[in-house]
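**Student:** Using the sequences and the hints given, assemble the complete structure.
The numbers in full-length UniProt numbering rise by one with no breaks, and the one at position 33 of the first sequence is 33.
A portion of the hints provided could be inaccurate.
[Claimed, not checked] Calculated lysine-lysine pairs in the DSSO-like style (CA-CA distance at most 27 angstroms, straight line):
id	residue 1	residue 2
1	258	327
2	211	323
3	168	289
4	168	324
5	327	478
6	168	39
7	77	39
8	211	75
9	168	139
10	75	39
11	447	168
12	77	139
13	323	168
14	289	211
15	258	324
16	323	297
17	211	77
18	324	289
19	289	323
20	327	316
21	316	168
22	324	297
23	289	258
24	323	258
25	258	168
26	75	139
27	257	168
28	447	478
29	211	39
[Stated by the list, open to error] Per label pair, the in silico range of CB-to-CB distance:
id	residue 1	residue 2	range
30	104	250	57 to 65 angstroms
31	250	172	44 to 52 angstroms
32	172	294	31 to 39 angstroms
33	117	314	38 to 46 angstroms
34	401	104	35 to 43 angstroms
35	356	465	42 to 50 angstroms
36	231	123	17 to 25 angstroms
37	185	356	22 to 30 angstroms
38	120	310	47 to 55 angstroms
39	132	72	20 to 28 angstroms
40	283	51	13 to 21 angstroms
Simulated from the structure, these hints should not be mistaken for laboratory data.
Heads up, the beta-carbon is just placed ideally off N, CA and C, and yes, glycines get one too.
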Amino acid sequence: MSSPFNRPIFRNEERSRAVPDVAVDAVLDLRQMELEHIKVFQFMWYQAFRCPRKHEKGSPAQRQGFDLTEYLSLKEKYSQSDPAAKIDDPQNGIGISCMAQYKTAILHLWRDQIHRGVNNRSRDEVWQNSSDALMNMVKSRKHRINKKNYAEKVDEVSAPYALIQQHKEIESSFFASDCTGINRQVFSTLRNRFCFLMITFAILRGESMFKAELSDLYGVQVQTPDDPHPIYVMMMQISTDKTNQDLKLFGRAARHKKNLLCPVGALAFYLLYRFSQTGEFESIDDFTKNDRWFDTKLLVDLQQRTNDLSRVISDKTYSDAVKKICKQLGIPTQHYVHLGRVLGSVLAEADGDDNELIRILGNWDPKIQEKAYSSKLPMKIIRSRAGFRSNGGVHYNARTIVQPPSELLSQVFPWVDRATQELNAFLQSSPAEACPFAAVFLDFMMKLKVVVLQDAAATMVLHPERSVHQLFQLDVFKSDCFKAYVEQMRQQLAVAEDPSDVTLQAVIPPVVDRLNVLSQQGERNCQATNEVSNQIRTGFDSVHVGHNLILQSISH
DNA sequence: TTGTGAGCTAAACGGCGTAG
DNA sequence: CTACGCCGTTTAGCTCACAA
Numbered sequence: 001m002s003s004p005f006n007r008p009i010f011r012n013e014e015r016s017r018a019v020p021d022v023a024v025d026a027v028l029d030l031r032q033m034e035l036e037h038i039k040v041f042q043f044m045w046y047q048a049f050r051c052p053r054k055h056e057k058g059s060p061a062q063r064q065g066f067d068l069t070e071y072l073s074l075k076e077k078y079s080q081s082d083p084a085a086k087i088d089d090p091q092n093g094i095g096i097s098c099m100a101q102y103k104t105a106i107l108h109l110w111r112d113q114i115h116r117g118v119n120n121r122s123r124d125e126v127w128q129n130s131s132d133a134l135m136n137m138v139k140s141r142k143h144r145i146n147k148k149n150y151a152e153k154v155d156e157v158s159a160p161y162a163l164i165q166q167h168k169e170i171e172s173s174f175f176a177s178d179c180t181g182i183n184r185q186v187f188s189t190l191r192n193r194f195c196f197l198m199i200t201f202a203i204l205r206g207e208s209m210f211k212a213e214l215s216d217l218y219g220v221q222v223q224t225p226d227d228p229h230p231i232y233v234m235m236m237q238i239s240t241d242k243t244n245q246d247l248k249l250f251g252r253a254a255r256h257k258k259n260l261l262c263p264v265g266a267l268a269f270y271l272l273y274r275f276s277q278t279g280e281f282e283s284i285d286d287f288t289k290n291d292r293w294f295d296t297k298l299l300v301d302l303q304q305r306t307n308d309l310s311r312v313i314s315d316k317t318y319s320d321a322v323k324k325i326c327k328q329l330g331i332p333t334q335h336y337v338h339l340g341r342v343l344g345s346v347l348a349e350a351d352g353d354d355n356e357l358i359r360i361l362g363n364w365d366p367k368i369q370e371k372a373y374s375s376k377l378p379m380k381i382i383r384s385r386a387g388f389r390s391n392g393g394v395h396y397n398a399r400t401i402v403q404p405p406s407e408l409l410s411q412v413f414p415w416v417d418r419a420t421q422e423l424n425a426f427l428q429s430s431p432a433e434a435c436p437f438a439a440v441f442l443d444f445m446m447k448l449k450v451v452v453l454q455d456a457a458a459t460m461v462l463h464p465e466r467s468v469h470q471l472f473q474l475d476v477f478k479s480d481c482f483k484a485y486v487e488q489m490r491q492q493l494a495v496a497e498d499p500s501d502v503t504l505q506a507v508i509p510p511v512v513d514r515l516n517v518l519s520q521q522g523e524r525n526c527q528a529t530n531e532v533s534n535q536i537r538t539g540f541d542s543v544h545v546g547h548n549l550i551l552q553s554i555s556h
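**Tutor:** Set out below in structure tokens:
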């Protein structure tokens with residue numbers, strides 16, 4: 001990990017080749033002089049207006065720091081622009097975070113100079129308002145520059161929605177069904193799949209996984225008197241994490257209801273295969289010596305044949321795998337290592353889990369979750385504002401499930417199909433290009449086609465007086481096909497008038513589950529089983545029995 | 001007493017490259 | 001093909017001081 005602050009900054013005077021620190025290096029040009037406001041401002045001004053640096057293809061990476069030539073040409077350029085007019089934004093510039101890092105490095109340097117007695121200026125004489133104004137300018141210009149460059153919007157709004165729809169596909173891709181023969185991908189796919197599921201369902205950070213050791217794992221079995229089956233929870237101690245002061249943090253995940261999504265099962269598979277390849281514990285028969293196995297990492301690399309199982313794998317290893325899959329599935333996202341954490345949090349929110357609990361599971365400081373991860377999908381209130389009960393109950397909205405015939409669909413927004421095809425063809429032929437938000441928008445328009453027809457048909461059925469409106473004089477609504485569709489809608493809506501049908505149907509599967517479980521429990525609950533079964537049978541026999549009775553039966 | 005922003009810093013990301 | 005290093009840049013997210 002390259003970071004400006006992973007070592008003492010100004011300990012050594014000489015510049016070591018091993019120092020990767022960008023901000024520090026940039027500031028190096030200031031080190032030989034006594035810091036004072038003008039120098040600092042010029043330095044920051046240059047940073048604010050220079051081009052972001054990229055790797056030159058083919059040439060070795062070269063550290064740049066303060067480029068005097070570039071500074072002078074920038075100065076020339078901006079001195080010519082009309083001083084009365086607002087200063088132009090650069091085509092593209094570094095962001096506020098980078099500026100903030102420079103500022104931090106400068107203030108460190110200033111303190112260091114004070115400490116060494118080579119500078120006696122106050123902070124205000126080094127960092128003045130004009131420098132702060134520069135910072136504010138960089139901060140506020142981001143939006144303008146994005147707008148001007150037509151920056152992708154995908155991460156701001158849409159990514160979580162796409163994730164919810166596709167997380168099962170992500171899992172299957174990790175499992176890589178083509179790993180049937182002897183294949184060196186097998187190990188890494190099993191490892192990455194476990195990593196993904198664990199991060200998702202325990203809402204972890206990637207690095208908690210990378211740094212975890214086998215000796216951080218243990219399990220807890222929980223069973224309340226009402227539980228027919230125990231819940232087995234896998235616990236992972238997190239001893240090093242972003243910030244954890246003196247607190248010990250945990251990753252927690254239970255065996256998942258769905259076999260394929262189970263992180264504990266994924267771990268079991270991964271370890272089975274790994275041990276079969278490494279034979280690592282076969283030679284350790286003495287678990288009384290901690291030093292013999294405590295350093296063994298949970299996630300290891302077998303590819304490089306370093307045989308060092310205490311080595312932390314690089315985050316890139318995992319993120320590249322995730323990236324590949326996202327690309328393959330056409331998932332618009334900027335998160336890779338973080339994908340599972342985002343996805344886990346978003347899924348929990350969509351399931352209506354309490355935000356406080358999400359924070360606890362994700363080991364989050366309050367407010368960070370809302371700020372950084374919330375899908376902006378508070379489902380409870382959204383359901384309630386859409387006219388449905390906000391807690392409990394099933395979601396039932398009859399008009400939304402009557403699928404319109406394709407003949408009608410093709411007449412609404414006819415351009416969408418063509419545009420989608422063209423976009424797909426474009427993405428296929430030039431995978432390097434990415435316009436994810438276009439795909440998301442087209443997907444939305446596809447859905448709106450259906451909405452148009454469903455709501456129009458429902459209007460015809462429920463509010464026929466509105467059929468005289470100009471809107472409904474459009475060709476599509478005049479066709480026989482549409483009239484047939486309206487009839488279909490009429491039937492569906494008529495059926496749905498009887499809510500007990502709906503609720504009863506929704507309740508049946510859990511009831512059957514419960515019945516099966518009870519009968520498996522045998523004698524212990526024999527009496528209760530009969531009682532419940534009888535009540536439920538009565539429920540099925542009579543149409544008039546509401547779902548309350550059944551729910552009652554279930555909860556007893 | 002609770003909420004908030006500045007400050008700081010670790011983690012993540014992206015694009016290049018190399019080794020096995 | 002996987003793994004991972006390097007460099008530049010952005011994001012995540014905690015702590016603390018201070019305001020409301």
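**Student:** Are the hints correct? Go through all of them and say.
**Tutor:** We went through each hint and held it up to the structure:
no. : hint                          : verdict
1   : 258 - 327                     : holds (25 angstroms)
2   : 211 - 323                     : holds (21 angstroms)
3   : 168 - 289                     : violated (41 angstroms)
4   : 168 - 324                     : holds (16 angstroms)
5   : 327 - 478                     : violated (43 angstroms)
6   : 168 - 39                      : violated (55 angstroms)
7   : 77 - 39                       : holds (20 angstroms)
8   : 211 - 75                      : violated (47 angstroms)
9   : 168 - 139                     : violated (38 angstroms)
10  : 75 - 39                       : holds (14 angstroms)
11  : 447 - 168                     : holds (21 angstroms)
12  : 77 - 139                      : holds (22 angstroms)
13  : 323 - 168                     : holds (16 angstroms)
14  : 289 - 211                     : holds (21 angstroms)
15  : 258 - 324                     : holds (25 angstroms)
16  : 323 - 297                     : holds (23 angstroms)
17  : 211 - 77                      : violated (49 angstroms)
18  : 324 - 289                     : violated (41 angstroms)
19  : 289 - 323                     : violated (40 angstroms)
20  : 327 - 316                     : holds (16 angstroms)
21  : 316 - 168                     : holds (23 angstroms)
22  : 324 - 297                     : holds (25 angstroms)
23  : 289 - 258                     : violated (38 angstroms)
24  : 323 - 258                     : holds (25 angstroms)
25  : 258 - 168                     : holds (10 angstroms)
26  : 75 - 139                      : holds (21 angstroms)
27  : 257 - 168                     : holds (13 angstroms)
28  : 447 - 478                     : holds (21 angstroms)
29  : 211 - 39                      : violated (42 angstroms)
30  : 104 - 250: 57 to 65 angstroms : violated (32 angstroms)
31  : 250 - 172: 44 to 52 angstroms : violated (29 angstroms)
32  : 172 - 294: 31 to 39 angstroms : holds (35 angstroms)
33  : 117 - 314: 38 to 46 angstroms : holds (43 angstroms)
34  : 401 - 104: 35 to 43 angstroms : violated (56 angstroms)
35  : 356 - 465: 42 to 50 angstroms : holds (48 angstroms)
36  : 231 - 123: 17 to 25 angstroms : violated (56 angstroms)
37  : 185 - 356: 22 to 30 angstroms : violated (41 angstroms)
38  : 120 - 310: 47 to 55 angstroms : holds (49 angstroms)
39  : 132 - 72: 20 to 28 angstroms  : holds (25 angstroms)
40  : 283 - 51: 13 to 21 angstroms  : violated (56 angstroms)
The structure is inconsistent with the numbered hints 3, 5, 6, 8, 9, 17, 18, 19, 23, 29, 30, 31, 34, 36, 37, 40, although it conforms to all the rest.
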